[in-house]
Amino acid sequence: MLSRSRENHPMMPVLRRSLFLLGCLLVASCNSNSPYYRLQFTMPWAVSLEPGQSTQFEVTLNRVGDQPGELRVNMETAPEGITMTPEIIVPEGEGITTQVVTVNVAQDIAVTGAQRTLLLANDSGKDLVSGAELYVVVLPVTTSQPDFSIALAQRQLTLFVGQSELTPVQITRAEGFTGPLTLSLESDSRRITAQPVVVPGDQASANILITTTTSVARIPVAVTVVATAEDGRTARTSLTLDMR
Numbered sequence: 001m002l003s004r005s006r007e008n009h010p011m012m013p014v015l016r017r018s019l020f021l022l023g024c025l026l027v028a029s030c031n032s033n034s035p036y037y038r039l040q041f042t043m044p045w046a047v048s049l050e051p052g053q054s055t056q057f058e059v060t061l062n063r064v065g066d067q068p069g070e071l072r073v074n075m076e077t078a079p080e081g082i083t084m085t086p087e088i089i090v091p092e093g094e095g096i097t098t099q100v101v102t103v104n105v106a107q108d109i110a111v112t113g114a115q116r117t118l119l120l121a122n123d124s125g126k127d128l129v130s131g132a133e134l135y136v137v138v139l140p141v142t143t144s145q146p147d148f149s150i151a152l153a154q155r156q157l158t159l160f161v162g163q164s165e166l167t168p169v170q171i172t173r174a175e176g177f178t179g180p181l182t183l184s185l186e187s188d189s190r191r192i193t194a195q196p197v198v199v200p201g202d203q204a205s206a207n208i209l210i211t212t213t214t215s216v217a218r219i220p221v222a223v224t225v226v227a228t229a230e231d232g233r234t235a236r237t238s239l240t241l242d243m244r
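Once you know that position 192 of the sequence shown is 192 in the numbering used here, the rest is easy, because the numbers rise by one and skip nothing.
Treat the hints with care, since some could be wrong.
Stated by the list, open to error - Cβ-Cβ distance ranges computed for the label pairs, FRET-style: (1) Gln170 to Thr55: 18 to 28 Å; (2) Gln56 to Pro140: 42 to 52 Å; (3) Gly65 to Thr172: 21 to 31 Å; (4) Thr112 to Val161: 14 to 24 Å.
FYI, nobody ran anything at the bench for these hints, they're computed from the structure. All figures in this text were calculated on a predicted structure; none of them were measured in a lab. Where a beta carbon is used, it is the ideal one built from N, C-alpha and C, also for glycine.
All chains, full assembly: derive it from the sequences and hints.
Given below as structure tokens:
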């Protein structure tokens with residue numbers, strides 16, 4: 001999907017290596033004399049985490065066709081600081097299984113934004129391999145001020161390219177702070193924008209309209225909502241736009 005975007009993206013070298021690895025493995029599988037075989041993955045396409053956070057989700061594996069030997073699934077091509085545990089093991093002869101895995105992002109991780117990883121399944125009984133991509137979106141750390149902070153009801157939104165979405169922002173104020181706040185959006189892509197919104201001092205929530213163009217790359221994108229006080233102090237929190 002990335003080839004549709006004209007933006008230079010820092011993930012391109014990693015993507016090329018990932019696609020090359022998966023391509024080589026699939027070619028090896030296709031050239032084998034094994035009967036028809038396919039492995040279906042059912043799981044999220046993307047997860048969003050701040051440094052130091054983790055999340056759990058289910059991975060369902062369904063072996064379609066021939067039933068080979070023991071299957072082991074691990075996360076590959078992930079940058080340092082992103083891990084998945086435990087290793088998924090499907091016993092020999094078992095056709096379908098669902099297991100819970102945990103994805104962790106280290107507190108001192110050096111990258112931010114969408115990191116494309118591959119879950120690769122290797123079969124011990126035959127020369128077969130399958131894979132599925134998982135984006136781990138490393139969000140910037142949420143920051144606040146002593147007298148105000150902001151929060152989002154959702155940290156991940158699914159949008160179609162060209163779509164706009166009103167995103168609710170909750171504002172928490174310390175007693176005595178009644179100054180207005182200006183909500184704005186920070187994004188690495190010029191194709192994702194939002195008009196600033198001024199929130200009066202007596203208002204505890206507001207909506208910010210996030211707008212995308214039809215040329216946005218169809219990958220998860222991290223954006224940051226910023227609340228700025230009149231004296232320039234800011235509070236920040238981020239979310240993922242899962243572009244489809």
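**OP:** Check each numbered hint against the structure and report the violated ones by number, ascending.
**Re:** Violated hints: 2 and 3; rest satisfied.
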